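Line order of the protein sequences matches chains D and U.
First residue of the first sequence? That's 1 in the UniProt record's numbering, and the numbers climb one at a time after it.
First residue of the second sequence? That's 1 in the UniProt record's numbering, and the numbers climb one at a time after it.
Rather than coming from a laboratory, the hints here were simulated on the basis of the structure.
All the given hints hold, so there is nothing to weed out.
In silico lysine-lysine, DSSO-like type, Cα no more than 27 Å apart, as pairs: (1) D:K216 to U:K221; (2) U:K127 to D:K11; (3) D:K216 to U:K114; (4) D:K387 to U:K114; (5) D:K43 to D:K135; (6) D:K11 to U:K142; (7) U:K85 to D:K391; (8) D:K11 to U:K152; (9) D:K43 to D:K81.
Every value quoted in this text rests on a predicted model; they were computed, and no experiment measured them.
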Amino acid sequence: MILDIFKKELKDTLRDRRTIIAMIVVPVLVFPLLLGLSTTVTKYFADKQKEEVLKIAVVSNTPDNLFTERLSAIPDSLGPKEIFYRQDTLGLRQEINEDSLQLAFIIPPTFDSEQQQNQQSTVAILHKGVNLGNKGRITTYLSIIENTLLEDRFERLSLDKKLIKPIHEQFIDMSSKKEIIGKVAGGFLPYLFVIFGFIGCMYPAIDLFTGEKERKTLETLLTTPVPRWKILIGKMMVISLSGIAAAAFALLGMFAGLRLFSLVDLPGLSNVIDGILTPQFILGLLALLIPLTIFFAGIMIPATIYAKSFKEAQSVLTPVNFIVLLPAFVGMLPNIELDYTTALIPIVNIVLATKEIVAGTIDPVLLIISYAIMLIAAAISVIFSYKRFGKESNILS
Amino acid sequence: MIQVQNIRKEFELSKKQQKENNTNDKVALAVEDVSFTCQPGRIFSLLGPNGAGKTTTLRMLAGILKPTQGNIVINHFDIQKETNKAKRDIGFLTGSTGLYERLTANEIIAYFAKLYGVKDEDFKQRKEHLYTLLGMHDFQDKRIGRLSTGMKQKVSIARTMIHDPDVVIFDEPTSGLDVITAENIIKLISDCKTQGKTVIFSSHIMSEVDLLCDDLAIIHKGKIIHSSTMQEFRDQMKTDNLTAEFIHIINENN
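So that you can see chain U by itself, here it is in the shape it has in the complex (with noise of 0.2 Å):
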């Protein structure tokens, strides 16, 4: 479960960036007083526009970044006092997650399985159950350059899943991926549901949305503009479609 509270985030700004930005602030608000709940078997959408502070929220929830105020708590982990407690239990994908170019596919999976603290015993179990899943076996000792984009994309669900977590976390994660890539991902979310895991995840896509959520918040801005679950969204839309829709609130807001 992930239960998030009044969280707020902000960056400093250099001088630089004061400049460029043309403010006189010393500080820069990405999020403001945030909350929501994301449930075990349930699958929670966080959309907005670009720059709304999507990536910032879901960054804070896999520990990355700090939160300025507000309390954050996985699985009964609060994020920043128990921050590695809380991170055994994410597993954390994002549209341009990077991998270790000259590194094979088992070489990462295994590396990701030590910094996890996977068991020898586990740690095999389950790297057979995902390459069978995923289809992972004809490439599993080539490096990581020479595979095609929806390979690389298998070896990053493995490496995100590796150590079996509790809580998901999907940032964009068929962003700018071809369709067939894009549907693997789609099925993996879709089977974290089923295994009763907490997902969360971010996206422009309308129908990804439609299809696989159950609860959504929209942020604008660094605010929570709206929060329901799917049904209640669909329900009270004023509009014909969900695109037409999310774009609504969002210039309501504005």
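Here chain D stands alone, though its shape is the one from the complex (with noise of 0.2 Å):
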């Protein structure tokens, strides 16, 4: 009885357009196309950027002198720039406000002298900070000239440059680069299955309680000789999948735009995704995500089934969503691991160890004991879920 009502509401949820839309569509598109667009965007500016003329102006006492000199020096592969000279500040503030210049180095007139003595030279610099990209290029320009400068010093002085650096560092990373990723992305993973499954939940939820509400079609199904929890439990069944299928729906998108698509150009990222991409993580994660399914469906009816229309169980549920996303946003901070105290808590257990998972570094027992108690809180959702079930005054409109 209860494959039959499941396969019924399963038909019946399927041919629903919002549902296919929350379920399928958006979790699919959503992340090639975030990541499609920022990636481009970026790029775009980026080459903008570089490929931008940047007009700056020394200004001296006179057009030859050290900092010119070096400037000019600076290879255009860094970005191509226009040098003027100016005598004077006269009229550059204007300038820079106008973007016909973007930069101004004052140099004093001892500039030279002063590096001849090896002493330190102030040099004013006039930019427009809100432009970030010309803010770069600044620090690179001065960076080199800086170095340059000191090399000279240290052959004037006939010293090594070691006497100013008395440690070489030699940082060797003993993490794998699918530890790497699995502590920076395994955190957005969950969250991304977190919205999504939670999404995914929303709409059957709202369709098979509040909708059919509104439709009368739940007296009629009352009447039946059908009890009342193999009812709930074959219609929670399609909410619990549902939102299983949005989840995985959203982490097949967001794989294959990292690596069909290749939206992100990182090195070795295909070999990391094909690594993390096994049965036994496909399997991990599937296993985690039926009690949490289950427990946003068990949450979701009894609002559902109190609400009289459909935009009152949407109003209901929206700040639901809020206050699940909190634990999963909780999963992204770093330094929260899974321990013995956050293994205890619903959503912020399967959240940590996902990303443990990810990165190959789950504690099996912590493991037991976060699904554990995934699995206590689904079934007190669904006991939950049942006693509002039974209630008359939430069953009739």
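Could you fit the two chains together into a complex? Lean on the hints.
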């Protein structure tokens, strides 16, 4: 009987355009679209910035100064530039404000002699701080000039560079690429499936309870000789499956965006993704998604069975969405790890466990505790749903 | 057969409802001490103004609501103790019966047949009989959302009758329907009587009551204020017509 209800509800749900959009279309497309868009836009602006000719004024008492010489020597591969000589600062502020000049270096008349005497010179830099792209280039230019001047000094003084750098660090990172990505992207993965798991559950939950109440089909269903718990479980299975499907499609969309369309240019990323997408990982993830989506269904059903209209159900579930996202967000924070405390917090434990699974550093005991806690939370939510579904004032519109 | 003995139904009032109704009572009494019997092969009509307790009574009969007190027996099954056995014998149809808009007529009928535990061979035979009777073959594979009101009502009837129930409950079955569709329902109710089924229906339309009824009860403010056979009702009338008599009885009990 439960299977008959499940099959019918699934058929009905799969014919609902809103659910299909929330369950398949949005999860599959959202990540490749967001990633594609952000990569394209970032690349476009980076390229534009690289090609943009930076107009630089050097204010000095003479055009032939050491600073201008070193600045001119910087290759155009680091960004094309045009250098203008100015004797004074007259009109500079206006030119920079009007963007006819992007940058001005004010060099003291004593600059060359100060450098010869190994002294420090003060160089004023006029620029517009809001232009973040230019700021990067200024820093690069100054660093190159400073380095060349420093090398001159070492040569003059016949000193070894090592004198000012007593330690030469050699960091040897023992973590695998999988671990690094696990720690960094691992927090994002569960966040993604918590969001889409929730959204995937939301529309079928509203449709199968509030919708049935509104359309008066629930009353008809309750006249049949089927125990209420069987009706509830049949419907809940569809809601949970829809959440799992939405989360799975979201992950599929993300991996497809990264792997097939190479939306992120990161060396070795494909190998890491292949390393992550093992049957064990997929099965492990599904195992975590089952209690998670049952829990979601369990907290949504009382709200949707209480609501009298689709709109009311949506407005009741929207704040619930934020409550659920909060623990998912906690999982993205650095330094919060799966331990004997966090494993006891529903959703947070799933998020952190996923992070560890991705990194391949999961402690099986903590995984079992997390899973058990999530199962208990799911069971409590099912019992709560059953109680609300049995309440006469809730089931009749 | 339906036997209703001293049923009472109270609804819990939320604080919001208490405020809206301007009352401190924690419960609202919908039905009080209602008793009647509906015999097989007879049509029993439950009459009453809006809010009298008709729908609540019929919902208790259909097993959707539980009585606070009293007993309801459907074909020897106590609806509270043997709910599912009793429900197998009931067909329930209302004027506002909802259907799944995204499913086809065939899918809905097959689904309800499964829920009622109709065997495959019985299902085929029963479905064919109902489709022929109601003229449903032309639109059996169309989704409900694309059907006219009349077609939808035919699907509702087929859904109600697919398990061949002994007891059929009609709650204002013609409410809001056009004349032709309403006529189909009247014919169905009449056919149920011919087939020896126990029929109970509520209505506001006295011409339907006059045409179909064998027995009737008038419910007002949750209590039965009149109960008799249709013939007795006609014989005892103090006014010219059924509608006037109905209003007269209600006013007398206000």
